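Q: For reference, the chains in residue letters:
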Amino acid sequence: MTGTSLRTYLITRIALVLPMVFILLTLVFLLMRVAPGNPIEASLGGHVPQSAIKQIEHQLGFDKPLYTQYGNYLWDIARGNFGTTITDNRPLSQIIKQNGAATLELTFFAMIVAIVVGVFVGLVAGRFRDTWLDVGGRFFGILVYATPVFFLGLMAQLVFGVWLGWLPISDQASPLTAALLKTHTNIYFLDAIIDGNWSALWDITKHLILPATTLGLVTAGVFIRLVRVNVIRTLRDDYIEAARARGITERRVVYNHAFKNALVPVITVVGLNLALLLGGAVLTETTFNWPGIGHELVLYLENRDYVAVQGIIVLFALVVVAVSVLVDFLNAYVDPRIRY
Amino acid sequence: MSVLQVRRLRVYYGTPAQPVRAVEDVSLEIGEREVVGLVGESGCGKSTLGRGILGLLPEGARADGEVLYGGRNLIGLSPKELRRLRGPDLGLVFQEPMTRLNPLSRISEHFRETLKQHESRLSDAEMRRRSLETLGRMGIPPTRFDQYPHEFSGGMRQRIMIALALVLRPKLLVADEPTTSLDVIVEGQILALLADLKRDFGTALLLITHNLGIVAESCDRIAVMYAGKIVEEGPVRDVFANPAHPYTRELLRSTISLETTELHSIPGAPPNLIDPPPGCRFHPRCPDAMRVCAQLEPVEKRFDQVRRVQCWLHGPESRIPAGGELPLEREAIGVADEA
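Listed in order, the protein sequences are those of chains A and B.
Heads up: the first sequence begins at 1 in my numbering, then just goes up one per residue.
Heads up: the second sequence begins at 1 in my numbering, then just goes up one per residue.
One thing to keep in mind: the hints can contain errors.
[As the list claims (entries may be wrong)] To give an idea of the chain B side of the interface with chain A (calculated C-beta under 10 Å), a few residues:
hint: 1; residue: G14
hint: 2; residue: L101
hint: 3; residue: P103
hint: 4; residue: E109
No lab work stands behind these hints: they were computed from the structure.
As the structure is a prediction and not an experimental result, all values here were calculated from the model.
Where a beta carbon is used, it is the ideal one built from N, C-alpha and C, also for glycine.
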C-alpha cells in the first residue's frame with residue numbers, strides 16, 4: 001500500500017521534470033539572446049575582420065532566424081551536445097566531465113563536513129537549549145556563517161599550509177600525482193581508489209581537506225541554526241509529551257521522535273545548498289585554485305564566451321532540477337504525509 | 001481499596017515571588033475500577049491536577065503534597081522511577097488527538113515502542129497480538145495497524161491513543177477532556193468506550209471535563225473544582241440531585257437541555273490565580289455569599305464517607321464570626337466584569 005503510493009508519487013514527480021526542464025532551457029535561451037552586444041564579436045576580442053565574424057556566426061548558426069536557432073539548440077541538448085567554446089575550442093562535454101568532476105568531488109566532501117558538523121552541533125544545541133553547549137554551538141554557527149568563505153580559506157591556508165605546513169593550499173592534487181593518475185571517472189578520489197593507488201589517494205585527500213572543510217563549515221552555519229530551531233520546536237510538539245506520558249525514556253523520546261521530526265525540513269535546505277554548491281562554489285574554487293566548474297565559468301564570463309556560458313548555465317539548471325527531484329523523493333520517503 | 005490518593009496537593013507555576021496557584025490543597029481519592037469525573041471551568045486547574053498525578057507538569061512548575069500510589073508518594077519520586085510508572089500503572093489520554101501521534105511513525109511502531117519500553121520480554125508476535133486485540137476493542141480493524149497517523153480521523157486517532165494507553169493495562173487512566181475536540185457522535189462513541197474500561201480492562205478512570213452531561217452519563221463520582229480547589233465531591237446522583245455548593249448548583253443550572261428556555265450563566269469570570277480573592281474564592285460570583293465568605297476560607301464539611309463540600313453555608317456555625325452570616329453587600333457585577 002505504502003510502497004505503491006511512494007512509487008506513484010515518484011512517477012508523477014519525474015513526469016513533471018520534462019516541462020520544468022523545457023521551461024528552464026527556454027529561459028536560458030531567451031536570456032542569452034536578449035543580452036546586449038554582439039557576443040561573437042566580444043568573445044573574439046573586437047579586432048577581428050568582419051568577414052571572420054560572419055564566418056563564425058554562420059558556423060554557429062547565429063545568422064539563422066531565432067526559431068531555427070531555438071530548435072537546433074533544443075535538439076542539440078536533447079542529444080547531449082552542448083557545443084564547443086568559442087575562445088579555446090574546447091567541447092563543453094569535456095568541461096562538464098573534467099571540471100564538473102572536480103566540483104562534484106569538492107561539493108561531496110564539503111557537504112559531508114557541513115551535514116556532520118551542522119546537524120551534530122544543531123542537535124546538541126537544540127537538545128541542551130540555553131546551556132553553555134547551546135551558547136557555544138550558536139556562537140560557532142554565527143561565526144562560520146558570517147565569515148566570508150575566502151577569508152576562512154585564506155586563514156586555513158595560512159595556519160595549516162604556511163605556518164604548520166601540514167596540508168597543501170591549492171590544486172586538486174600535486175602535479176606528479178595528477179600526471180600519473182589513470183582516468184576512469186575524472187573524480188580523482190574515485191580514480192585513485194579504483195586503481196588501488198594509495199599514495200595518490202593520500203595526496204588527493206590532503207588536497208581535499210582544506211577546501212572541503214572551508215566550504216563545509218560555511219555551509220554548516222546555516223544548518224546549525226536550522227536544526228537547532230527545529231529541535232526546539234519538535235521538543236515542544238504534542239506527540240513528544242504523549243510519548244513521555246507513555247513512559248518512553250527521554251533518550252528514546254529525543255532520538256526517535258524529536259530528532260527525526262526535526263530533520264525532515266533540513267533535507268530540503270540541504271538539497272538547495274547542494275544545488276548551490278554544485279553550481280560552482282566559485283569563491284572556494286578560486287581561493288584554492290580548484291579546477292572546478294565555477295572556476296571555469298568565471299574565466300569564460302570574463303572572455304564573454306557565449307557558448308561556454310550558455311552550456312554551463314544549462315548544466316547548472318539541470319543539476320538544480322535533478323537535486324530537487326532527489327530532495328522531493330527523500331522527503332516523501334521520510335515523511336509519509338507528502339506522498340498524498 | 002483506593003488506587004490513588006491525592007492529599008493536600010499544591011501545584012505552583014511561575015516565579016516564587018508571584019506564583020500561579022493552579023492547584024491549591026487538593027485531596028482526592030480514586031477507588032479501584034472507579035470512574036471519577038473532575039469538572040470545572042477552563043483554567044480552574046483541573047488539567048494541572050490530572051498531569052500533576054503523572055508528574056507531567058511543564059517546566060518551572062513545583063508540586064508539593066502527596067500523591068500516593070502503591071504505598072509510594074509520587075511527589076519527590078526520581079524522574080526515572082516516575083517514568084517507569086507512566087504507562088504500566090498510570091495512563092494519560094489528551095484532549096487533542098490530532099497531534100498526539102508521531103506523524104513519521106506507523107501505528108504499529110507506536111505500539112511496539114510502548115510495549116518494548118515496559119514489557120521488553122514479550123515476543124514480536126505477542127506484542128502484535130496484544131496491540132491488535134486492544135485496538136480491536138477500540139474499534140480499529142487490524143488492517144489499519146501499519147498505517148500512518150495522517151490516514152486516520154480525529155475520532156479514530158483518539159481511539160488509538162486510548163488503546164495505546166490501555167495496551168499496558170494501567171491501574172488508572174487520566175483522560176483530560178478526551179472528547180472536547182471531537183464531534184458529538186464520535187464523542188458518544190469514545191465515552192461509551194471509556195465507560196466500559198472498568199469492565200473490560202479493570203482500569204479506574206479520572207475523567208477531566210467541563211461537560212456535566214458526560215459526567216452524569218459515565219461517572220460514579222464527581223469532584224467539582226473551582227479556582228484550584230475541589231469545592232464539592234460526592235456520588236454523581238447525590239450531587240446532581242442535591243448540589244451542596246452554590247457553584248455546583250450554578251454550574252448545573254448552566255447546562256443546556258431540551259427543557260432549556262433561557263440560557264443561564266454564572267456572572268463574572270474565574271479569578272486570577274496569582275492573587276486569588278480572600279476567603280472563599282467563589283465569593284465574588286456567589287449569589288449566596290455571606291460576609292464571612294469574603295473574610296475566611298471555608299472549612300471542609302463532610303456529610304458522610306463520600307460526600308464533602310467547602311462552603312460556609314454548611315457551617316460550622318461555631319467558626320463563623322458574629323454577623324458573618326449576613327448577606328455580603330457589594331456592588332453589582334457590571335457587564336464589564338463579565339467580559
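Q: Please go over all the hints and tell whether each is borne out by the structure.
A: Hints versus structure:
1. The interface hint given for B/G14 is violated, since its Cβ lies 18 Å from the closest Cβ of chain A, which is over the 10 Å cut-off.
2. With its C-beta approaching chain A no nearer than about 6 Å, B/L101 sits inside the 10 Å limit, and its interface hint holds.
3. Given the 10 Å rule on beta carbons, the hint for B/P103 holds: about 6 Å separates it from the nearest Cβ of chain A.
4. Taking 10 Å as the C-beta cut-off, the interface hint given for B/E109 holds, the closest approach to chain A being about 9 Å.
Comparing the model with each numbered hint stated earlier shows that hint 1 is the single one that does not hold.
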